[in-house]
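Engineer: What follows is the residue order along each chain.
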Amino acid sequence: MNANNKSRSKIITVFSSSSATGKTITAINMAQTLYQELYNVCLVDLDLQFNDVCRYLRKNPVQSIYDYGEEDAERVRITEYVMHHEDCFDILAAPQKLEEAYNVSSKTVTDALDDLRNYYDYIIVDTTTGFGDATLATISRTDELIFMGIVDFIPTIKNMNLALQTLGDIKFPADKIKIVLNRDKAKSEIASDDVEKLLGRDFFHTIPNDFPTCIASIKSGRPIVLNSPQTNIAHSLKALTYKLFATGSKSKGEGLMRILNKLW
Amino acid sequence: MATKVCILEENPAILDKITENIGQIENIELVTAHISDKRILQTEQPQIVFLDVDYAQEKPLEVLNKIRQTLPEAAVFAMSKSVDSNLIKKMQYAGFVDCVHKPFNRAIFVQALDKLQNFTTKRENKGNKNIISFFSPKGKSGKTTLSVLLSMELAELTGKKIAVIDADITFADVNVFMDVTSKSTISEAIRDINFMSPHILESYFEEVNPLVKVLCGIRKPEDGALIAPEDMTRLIKMSAEIFDYVLVDNAPGFAPISIAAAEAADILYILGMDNGAYEIEHMVRAIDVLKSMDNWQERVRAIVTRVPNMTDEVKRRYEAQLECPVFLIPNEYLLMSLAANNASMIKNLDKSSALSVQIKLLAKSIIA
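Quick mapping for you: the protein sequence lines, in order, are chains A and B.
Letter by letter, the first sequence follows residues 1 to 264 of the working numbering.
Letter by letter, the second sequence follows residues 1001 to 1368 of the working numbering.
Just so you know, these hints were derived from the structure itself, not from any lab.
Even glycine gets a Cβ: it sits at the ideal position worked out from N, Cα and C.
Honestly, I wouldn't trust all of these hints.
Derived Cβ-Cβ restraints for the label pairs, each shown as a range [said to hold, decoys possible]:
hint, chain 1, residue 1, chain 2, residue 2, range
1, B, LEU1087, A, GLN165, 41 to 47 Å
2, B, GLU1298, A, GLU99, 20 to 26 Å
3, B, ASN1194, A, GLU74, 27 to 33 Å
4, B, ASP1312, A, GLU70, 44 to 50 Å
5, B, LYS1115, A, ASP133, 22 to 28 Å
6, B, ASN1194, A, ASN232, 53 to 59 Å
7, A, ASN103, B, GLN1069, 50 to 56 Å
8, A, GLN165, B, GLU1073, 42 to 48 Å
9, A, ARG201, B, GLU1073, 54 to 60 Å
10, A, SER220, B, ASP1312, 27 to 33 Å
11, A, ASP169, B, LEU1087, 50 to 56 Å
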């Protein structure tokens, strides 16, 4: 693998202050979009206890970040614990047993992310809600934070504000936080403009409300950008990815390297 | 059977006076001793102790702790020649039931016993399923909504005292739903828990109405790290001595605090919304873990929220998957949001709505 990859590799964390904001769907579709652009991509599921990445993609992981953590990080390669598929980006799965979830330490998380940088252009991390140990460890390594939010009712917005303050308290750079409004135009009496004023920042991107397409994707095990590519939500998820990375496709030569790496 | 009351006092004249005042009360067996002689506690095993806190040779709190080691179930009152509100507060804060003036007369003694009776009744209520915890694998399941609305319904139906403890150490919302401003929170209550009595703990709760009080949640996410599970257990059990029902709202997922709240619960509700993804599967996994609790089949119940079709067939299907009783809550998300956005969900929620009707049914099932 290219020794310079570590410096070019980016870690993108998908975060939220409340549940059901679309973190997992967004993370999956960003990973798929980048994968289709011929980048080396790994999606890391750090929703350790009640994880959905492999469920949504109907993948059955044999190993997880827990197994990686049980070994000496100096002696193992993270790629041995990553799921590789012909037709999909790579996945570092969350533990499938709840008791294993307890035993994934912050050090395991940071070691895994540091190691993944050696092999991937983009590492997308799906997290659990709030500031648990694994999420804080991830944030310490994050290059871009996608802060997912929905505008449904006041407590949700209050918590978004609180989370932004907490990110400031832990000195996470404000310019690396990208607030993404999901389920835009869903039934709510709160205007998104008002939320922007309250948060003191504009939404970086909005994703339209399309619950049926999301459910269809989950039931099919295929990302939305593959399963329903012509829907507005698919276009929006792709647009979010391009906005963030704005790099366009890799060269064909670099893309060939990805294919060759998978063979060896 | 007579209640044995022990008076430990330095001054023999005061001992004589107290004996004269209360020695003939029916169903009270009185034993007295000089305060330096604690052997009487071992030999007589009194249920109630009155302790002279003016005795200069010993610190009251140290003596109280020694008494608790010998007689863990005994109720201990402080007595002093100079009683004022500061001393009463200080003694209650230290763990005495109350502080009375010595030598006390019959009326004061009876008042003290009445106060004690309230504590005893609360302790005996343990068999009445009065600690109710709400757990969910993922958020947005409706725990906070349910705990808040259920507290109001239980108060209305029973006329009893209800507590809501916001133990969500990610983002606490109970105070927003109930429109209360917190002067103190669970953080302060936990900080002080080892130094207070149930009376003092109640002052940390905010009043919603004369029957319902709430212990507000943490102010900032980082405050959650300061809450130890054993202190949470102590908080919940002490609350159960003051309130007839204690409802505990937890953060999603298994964490030391939510596990402590689950283990302390007489009824543990596992919540999940069936949104067409894997919520029910996550509930199954959570229940599998909870099967290691004592009497889990009596204590663990499931609530599935935002159910579009609330039929018996749907209920049976969930019960087969979850292997425990299931209660269904309808999908009234917009109604709930509108109510919450108008400053107080509990005042603004339409009482005739399907959601309110189901909450009432749930409350009745708990009372039954």
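Engineer: Quick one: are ASN1194 (chain B) and GLU74 (chain A) within 27 to 33 Å, going by C-beta?
Structural biologist: violated (44 Å)
Engineer: Within 54 to 60 Å or not, the Cβ separation of ARG201 (chain A) and GLU1073 (chain B)?
Structural biologist: holds (58 Å)
Engineer: Falls inside 53 to 59 Å, the C-beta gap from ASN1194 (chain B) to ASN232 (chain A)?
Structural biologist: At roughly 57 Å between Cβ atoms, ASN232 (chain A) and ASN1194 (chain B) fall inside 53 to 59 Å, so the hint holds.
Engineer: At the C-beta level, are ASP1312 (chain B) and GLU70 (chain A) separated by a distance inside 44 to 50 Å?
Structural biologist: holds (47 Å)
Engineer: A range of 42 to 48 Å was offered for this pair. Does it hold for the Cβ distance of GLN165 (chain A) and GLU1073 (chain B)?
Structural biologist: holds (47 Å)
Engineer: Honestly, do ASP169 (chain A) and LEU1087 (chain B) meet the 50 to 56 Å range at C-beta?
Structural biologist: violated (42 Å)
Engineer: Tell me if the beta carbons of LEU1087 (chain B) and GLN165 (chain A) are separated by a distance inside 41 to 47 Å.
Structural biologist: With a Cβ separation near 42 Å, LEU1087 (chain B) and GLN165 (chain A) satisfy 41 to 47 Å, so the hint holds.
Engineer: A range of 22 to 28 Å was offered for this pair. Does it hold for the Cβ distance of LYS1115 (chain B) and ASP133 (chain A)?
Structural biologist: For LYS1115 (chain B) and ASP133 (chain A) the Cβ distance comes to about 45 Å; the hint is violated.
Engineer: Please test the hint of 50 to 56 Å on the beta carbon pair from ASN103 (chain A) and GLN1069 (chain B).
Structural biologist: Since ASN103 (chain A) and GLN1069 (chain B) have Cβ atoms about 38 Å apart, the given range 50 to 56 Å is violated.
Engineer: Just to be sure I understand the hint, the distance between the Cβ atoms of GLU1298 (chain B) and GLU99 (chain A) should be within 20 to 26 Å; is that true here?
Structural biologist: Distance hint for GLU1298 (chain B), GLU99 (chain A) holds at roughly 24 Å.
Engineer: At the C-beta level, are SER220 (chain A) and ASP1312 (chain B) separated by a distance inside 27 to 33 Å?
Structural biologist: With a Cβ separation near 31 Å, SER220 (chain A) and ASP1312 (chain B) satisfy 27 to 33 Å, so the hint holds.
Violated hints, in rising order: 3, 5, 7 and 11; the structure is consistent with all others.
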